[in-house]
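Enquirer: Chains as they are written, first to last, in my numbering: chain A, 1 to 454; chain B, 1 to 177.
If a hint is listed, it holds; no wrong ones were tucked in.
Some but not every residue of chain A turned toward chain B, in silico, with C-beta under 10 Å:
hint: 1; residue: Tyr95
hint: 2; residue: Asp96
hint: 3; residue: Gly98
hint: 4; residue: Ser100
hint: 5; residue: Met198
hint: 6; residue: Ser221
hint: 7; residue: Leu227
hint: 8; residue: Pro364
hint: 9; residue: Tyr378
Hints were generated in silico from the structure; no laboratory data involved. Just so you know, even glycine gets a beta-carbon here, dropped at the ideal spot from N, CA and C.
Given next are the chains, with one letter for each unit.
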Amino acid sequence: MAGGDRKYLGGLVRTSEGRISRDVFASQPVYEDELERLFARCWLFVGHASQVPEPGDFVLGRMGEESVIFNRDRNGRLHVFLNTCRHRGMRVCRYDQGNSRKFQCPYHAWVYSDEGGLIAVPKLESGYHNELDTAEWGLIEARVAEYHGYVFACWDEETPGFEDYLGDFRFYFDDYCRTFDGGFGEWEAFGGTLKWRMPCNWKFAAENFGGDYYHNPSHASVDAVILSPAGVEGRHTYDAVTRAREHHKLNVCFPGIGHTARGEYFKEDYEYMPTYQEMPVVEDYFRECYAKRRERLGEKARFFGHGGTVFPNVSYSNGVQSMGTWNPVGPHETEAWRIFLAPKDAPDEVKNVLRHYVIRYQGPSGLTEQDDMENWGYAHEGARGTIARRFDYHYGMGQGHEKRGWPAEWLGGDIYATEDVSEQNQRAFFDCWARYLDTPPSAQGARKNFEAAE
Amino acid sequence: MDSHRDTPELERLLLRHAVEQFYAMEAELLDTRQFEAWLDLLDDDIHYWMPLTRNMAFGEWEGELTEAGRDLNWFDEGKFELEQRVKQIMTGLHWAEEPVSRTSHLISNLQVEEDGEGIAAGCRFLLYRSRNETETDTFVGKRRDRLRRAPGGFRIAERRIFLDQNVLLAKNLTVFF
Ligand code: FES
Ligand SMILES: [Fe+2]
Chain A
1 MAGGDRKYLG GLVRTSEGRI SRDVFASQPV YEDELERLFA RCWLFVGHAS QVPEPGDFVL
61 GRMGEESVIF NRDRNGRLHV FLNTCRHRGM RVCRYDQGNS RKFQCPYHAW VYSDEGGLIA
121 VPKLESGYHN ELDTAEWGLI EARVAEYHGY VFACWDEETP GFEDYLGDFR FYFDDYCRTF
181 DGGFGEWEAF GGTLKWRMPC NWKFAAENFG GDYYHNPSHA SVDAVILSPA GVEGRHTYDA
241 VTRAREHHKL NVCFPGIGHT ARGEYFKEDY EYMPTYQEMP VVEDYFRECY AKRRERLGEK
301 ARFFGHGGTV FPNVSYSNGV QSMGTWNPVG PHETEAWRIF LAPKDAPDEV KNVLRHYVIR
361 YQGPSGLTEQ DDMENWGYAH EGARGTIARR FDYHYGMGQG HEKRGWPAEW LGGDIYATED
421 VSEQNQRAFF DCWARYLDTP PSAQGARKNF EAAE
Chain B
1 MDSHRDTPEL ERLLLRHAVE QFYAMEAELL DTRQFEAWLD LLDDDIHYWM PLTRNMAFGE
61 WEGELTEAGR DLNWFDEGKF ELEQRVKQIM TGLHWAEEPV SRTSHLISNL QVEEDGEGIA
121 AGCRFLLYRS RNETETDTFV GKRRDRLRRA PGGFRIAERR IFLDQNVLLA KNLTVFF
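Just chain A, with the same shape it has in the complex (with noise of 0.2 Å):
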């Protein structure tokens, strides 16, 4: 039975004593109950507006373990359905991505239209006698929500809508669904997805993407090779204005939500920091972009976004405008996802060097998170053995030093914000994880019957 006697918040999740069982990474009941319990509750990010620009286009996703299509439909609508047949099971498409009005099940030959409805089966007069209702078994349709082009869905009704259950994060998702100017530009995704797969529990990757400032140890490699495209020092982009600038590298969580973010908030205005000084038209774009920034945001724009996690799967990382999804593939394995994007309308000299930066940053090829995988393996590695399972690990650093409200009121009255490295938002994460996890499934939430073709 799912749920067994296992209690999360308090059991194997007790952040208010710093621990967390080694079991919530690595035993299968626990993920099992993650499975019923979390990923088909909340929203899960599918992919990005501008993957499928064209009516009829569409791509591949994933929830949870499982295959979605996401579409966009003759009409212009976003639909994700889950990519199986509703005869036998079948996936109906199997193409990473593609341009079709129809989803035809190579089985036994239901035909879909894009908007999911069921509009063809063999033999419907002879096999079925007229008797099955098409109208009933069209393609299983997740609720869809697009903000700024980022595009989530979800399985369950009692959820709040996605801008509710954002909440007072949504400060920092704007800021990474902002364009370098600050405004809500055009962001459009580069061809291709990375997909590949990593020999940990899927929550290494969250949690370090949600606030573990304490690792940059583990990127002295990278460092050393200087990976920042100014060439100067370090391996990101804005590692050239931060070292000049004052400023408080933070940790924001807020209660209760399991988003995390990390960013600087900088104690003063300051003038644009020449960064790609060999690239005059690529520097002349991002400065212009700071100064619209600037003078669009005010104040607002001495904040600037690292990364963070959307509780629960997906990591972004501002600049080099990514999105990481880390579906899971059995609590010891992870298929990543990930997509970049950059400004529609930017010069092609931009759009070439940030693509050309990301997928050295990035992914498997990646300089950096090669570090990262590397140590989220084998930390998995260590939440398996019978003996260390007795042994938690420890979540107890800055526990009771974080600030509210501050540095800067409109950062978020009621967010926790920690300087430097703090595990508050890997506590705020586990928090929410554990009480999803402690709810038992209602009948009434999850979503059962198709309602797309009304």
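For this one, chain A is given, so just place chain B with the ligands on it according to the hints.
Expert: Below, chain B with the ligands without anything else, positioned relative to chain A:
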């Protein structure tokens, strides 16, 4: 017998043999971790490219590979970037390669053509990697190179690597192809 020495056929055979020797030597450098010496085999303007591979419908195969210079790729870089990768391994702190991988590069199905633009060499590769205690990866695919004649052999001016995988089954690409 001597009369055959200058025939085009023999020329091709000799070229093929030279390229084969060159690839064996290159594999030896990589598999014995002489990465800096390996870098010397790359021309300064090398383009080193490995696209992503998509599952596409019949008739749409031209969209199977992501494009260099435009889309996301596993690699789309030049010599400077490859030098950075080598430098990173040589810090001894690059945890994904520390301890370093054991590799064997197997090259086969060699096809060599020389035209006005230089030498086009195609092959299949099998790159076996073993790390730590039980980590193993097998990378298999096609490689298409542009080679230029140079003192002591060749320089690689272009390397296009087509890995036969959709979801990459390895956690990283810290090895050279
Ligand atoms: S499984 Fe799809 S038509 Fe039978
Ligand atoms: Fe990292």
